[in-house]
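Q: Listed below, chain by chain, are the residues.
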Amino acid sequence: MALLRMEDVTIKFGGLTAVNQVNFDIEKGDLFGLIGPNGAGKTTCFNMITGVYTPTSGKVIFEGNDISGTPPNKIAQVGICRTFQNIRLFGALSALENVMVGAYLRHQTSLFSGFMLSPRAIRETAELRKKSMELLSVVNLADEASSRSSDMSYGKQRRLEIARAMATDPKLILLDEPAAGMNPQEKDELRAVVHRIRDEFEKTVLLIEHDMKFVMNLCEKIVVLDHGEEIAAGGPDEIRSNPKVIEAYLGEPV
Amino acid sequence: MSLGKILGKRALSILAAVGVCVLAQMVLTQSVDGFLLRLFFLGGLYVTLAVSLNLINGITGQFSIGHAGFYMVGAYAAGLSSNYFFPRQSLDMPAYLLVSVLIGSVAAAIAGLIVGLPSLRLKGDYLAVVTLGFGEIIRIITLNQEAWGGSYGYNLNHKHQSLALVFLLAIVCIAVCRNLLKSAHGLAFLAVREDEVAAQAMGINLTKTKVVAFVVGATFAGAAGALFAHDSGFINPDLFKMELSFLILTMVVLGGTGSITGSVLAAATLFLIPELLRIAKFEVSQGVLLGVLVAVGVMVYTIRLVERTFHGEKTQKSLLLLGAVVMPYVVMFGVGKLLETYTILGDKFYKANDLRWVILAIVLLVVMLIRPSGLFGHHEFSWDWLRSKMNRRAVEA
Chain A
0 MALLRMEDVT IKFGGLTAVN QVNFDIEKGD LFGLIGPNGA GKTTCFNMIT GVYTPTSGKV
60 IFEGNDISGT PPNKIAQVGI CRTFQNIRLF GALSALENVM VGAYLRHQTS LFSGFMLSPR
120 AIRETAELRK KSMELLSVVN LADEASSRSS DMSYGKQRRL EIARAMATDP KLILLDEPAA
180 GMNPQEKDEL RAVVHRIRDE FEKTVLLIEH DMKFVMNLCE KIVVLDHGEE IAAGGPDEIR
240 SNPKVIEAYL GEPV
Chain B
0 MSLGKILGKR ALSILAAVGV CVLAQMVLTQ SVDGFLLRLF FLGGLYVTLA VSLNLINGIT
60 GQFSIGHAGF YMVGAYAAGL SSNYFFPRQS LDMPAYLLVS VLIGSVAAAI AGLIVGLPSL
120 RLKGDYLAVV TLGFGEIIRI ITLNQEAWGG SYGYNLNHKH QSLALVFLLA IVCIAVCRNL
180 LKSAHGLAFL AVREDEVAAQ AMGINLTKTK VVAFVVGATF AGAAGALFAH DSGFINPDLF
240 KMELSFLILT MVVLGGTGSI TGSVLAAATL FLIPELLRIA KFEVSQGVLL GVLVAVGVMV
300 YTIRLVERTF HGEKTQKSLL LLGAVVMPYV VMFGVGKLLE TYTILGDKFY KANDLRWVIL
360 AIVLLVVMLI RPSGLFGHHE FSWDWLRSKM NRRAVEA
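Residue numbers (numbering that gives the first Met the number 0), protein chains in the order written: chain A, 0 to 253; chain B, 0 to 396.
In case anyone wonders, no lab produced these hints; they're calculated from the structure.
Just so you know, even glycine gets a beta-carbon here, dropped at the ideal spot from N, CA and C.
Treat the hints with care, since some could be wrong.
Claimed, not checked - Examples of chain A residues lying across from chain B (beta carbon under 10 Å, computed):
hint, residue
1, N64
2, R122
3, F200
To be verified - Listed next, the in silico DSSO-like pairs over lysine-lysine satisfying Cα-Cα at most 30 Å (straight line):
hint, chain 1, residue 1, chain 2, residue 2
4, B, K181, A, K155
5, B, K350, A, K129
6, A, K58, A, K11
7, A, K130, B, K8
8, B, K4, A, K11
9, B, K207, A, K73
10, A, K129, B, K122
11, B, K388, B, K313
12, A, K129, B, K207
13, B, K313, A, K58
14, A, K130, B, K181
15, A, K129, B, K4
16, B, K122, B, K181
All chains should be modelled from the sequences, with the hints used to inform the complete structure.
A: Here it is, written out as structure tokens:
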């Protein structure tokens with residue numbers, strides 16, 4: 000059974016069909032890429048998977064359950080977490096606190112014991128802090144733990160978002176343009192981080208990316224969207240030589 | 000830290016808090032006159048109101064300006080219920096007050112829930128309008144209830160001023176907010192303030208978080224209202240006008256949104272400035288007043304100029320800043336005196352009492368121009384912070 004299955008997923012905004020009849024399966028342990036030119040509907044797909052939008056028709060199936068239309072916080076609960084294309088960190092909080100917000104999802108103590116600061120709440124907060132520190136070091140941000148997240152550099156903020164999403168302990172992690180705005184060296188670091196997430200932490204990764212070289216070197220399976228339609232699917236080599244993909248990206252041959 | 004140690008420390012601090020409150024009441028009632036006693040009482044209430052609004056506004060980021068409404072619900076619920084349930088008996092006061100406070104806070108909590116639930120679809124300015132409307136609706140409904148005394152107000156059969164309970168309420172309110180911020184749960188509230196979309200994507204239940212903030216904030220405001228009603232023995236819808244909501248909001252913003260320490264300090268200062276000027280005995284002529292007003296303006300802008308343009312040694316900078324503070328006053332007092340001798344603006348003298356709101360407004364202007372993020376920003380006072388400051392100073396010396 001596929002971990003995540005998109006079944007004829009379609010969404011219309013008024014007269015505009017943003018995503019039309021998209022089908023793909025993501026197996027557990029995949030490094031899956033979703034690519035396409037601007038406006039192809041990639042982020043809209045993400046928003047449907049994470050519950051921001053409800054598909055007009057079709058189903059998003061996660062571990063055999065239909066999750067289309069479930070609110071975002073429930074989606075995080077079942078084990079899908081994402082990063083954002085336009086970085087959305089909690090600006091006034093420190094890097095460590097940002098990751099702790101993610102880890103808070105798996106928190107056990109009741110809100111009341113938080114207000115009372117019961118010994119259990121203290122202990123659990125300390126555990127969250129420890130777990131979050133470990134995740135920060137996975138994305139090489141351990142030194143920045145106490146710096147305000149809005150003061151950090153762009154590349155670091157992107158990595159911090161990944162750590163925050165990882166902290167919710169998801170089965171499937173969605174990365175929305177994780178390499179955008181990074182320099183080649185930062186991209187290399189990021190690639191190592193993504194591999195580590197998959198191999199060491201055994202997460203399934205779905206990512207949107209514009210940088211072709213980055214996607215082709217990283218992802219094992221790729222789906223290409225153009226104007227909301229799925230135009231190709233397969234391994235990097237198939238995608239690279241697919242005439243439809245070349246046409247979508249470079250235009251028709253003269 | 001071991002479990003026993005935590006619990007021991009907790010028990011000790013609860014005992015200490017109760018002890019301090021009772022002791023404060025005993026000492027103050029013996030040594031201070033009625034006016035000052037009431038100042039202490041109201042000061043405690045304002046601290047509670049500001050800190051509880053800070054939970055909604057500063058920590059959770061829900062812009063609410065209807066706090067006087069919750070305060071009023073608490074006051075009326077406590078007043079009405081105490082007249083209904085305990086009409087004439089002579090009662091053991093503190094125990095009976097506790098029941099009353101409980102009723103007041105539960106009523107306010109329900110009001111918080113009623114406002115909180117439907118308002119959750121709204122953000123920012125829109126939410127502000129709804130909460131403002133709530134405060135006014137509650138006030139106008141009460142104004143038209145003849146059974147509740149309408150605009151004449153409502154008399155309570157019992158009247159009791161309990162300083163100990165007010166201080167205890169303020170301490171509990173501060174402790175609850177601080178506890179929240181120290182536990183991981185506080186991060187969920189802060190995350191909602193920072194970015195709702197991201198917070199929800201991280202699995203935080205927005206509805207629950209916001210409603211809890213509203214309910215807890217309203218509960219404390221309601222308890223404060225109950226104590227207030229029993230202190231004066233008389234309540235009237237005019238006591239809970241929009242101005243009160245704005246004053247509480249100003250305290251939160253001035254202290255630095257999200258900072259408990261800031262709210263406490265700002266509540267005490269903002270409340271005390273007009274009250275102490277009421278009894279202060281000094282007069283200012285129009286000329287000098289005008290001089291001071293201009294001086295304050297000049298001061299603020301020179302300070303900002305120095306801050307922005309001067310990048311150099313620290314001592315030099317502080318000297319420049321000191322000059323920027325002092326010089327405008329020297330000049331403008333001279334100008335003021337001159338104006339006075341020529342009586343261009345007439346020779347009317349103002350008493351301190353007449354100037355209370357002007358001075359309050361000037362303080363607000365100055366603080367907001369110099370420190371737009373409020374006195375404390377997002378920071379809190381903590382012993383660790385003080386210790387690190389002291390250590391740094393020691394190292395430098």
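Q: Look at each hint and say if it fits the structure.
A: Hints, one by one, checked against the model:
{"no.": "1", "hint": "N64", "verdict": "17 Å, violated"}
{"no.": "2", "hint": "R122", "verdict": "9 Å, holds"}
{"no.": "3", "hint": "F200", "verdict": "17 Å, violated"}
{"no.": "4", "hint": "K181(B) to K155(A)", "verdict": "26 Å, holds"}
{"no.": "5", "hint": "K350(B) to K129(A)", "verdict": "60 Å, violated"}
{"no.": "6", "hint": "K58(A) to K11(A)", "verdict": "14 Å, holds"}
{"no.": "7", "hint": "K130(A) to K8(B)", "verdict": "27 Å, holds"}
{"no.": "8", "hint": "K4(B) to K11(A)", "verdict": "60 Å, violated"}
{"no.": "9", "hint": "K207(B) to K73(A)", "verdict": "13 Å, holds"}
{"no.": "10", "hint": "K129(A) to K122(B)", "verdict": "34 Å, violated"}
{"no.": "11", "hint": "K388(B) to K313(B)", "verdict": "17 Å, holds"}
{"no.": "12", "hint": "K129(A) to K207(B)", "verdict": "27 Å, holds"}
{"no.": "13", "hint": "K313(B) to K58(A)", "verdict": "64 Å, violated"}
{"no.": "14", "hint": "K130(A) to K181(B)", "verdict": "17 Å, holds"}
{"no.": "15", "hint": "K129(A) to K4(B)", "verdict": "22 Å, holds"}
{"no.": "16", "hint": "K122(B) to K181(B)", "verdict": "26 Å, holds"}
The structure shown violates the earlier hints numbered 1, 3, 5, 8, 10 and 13.
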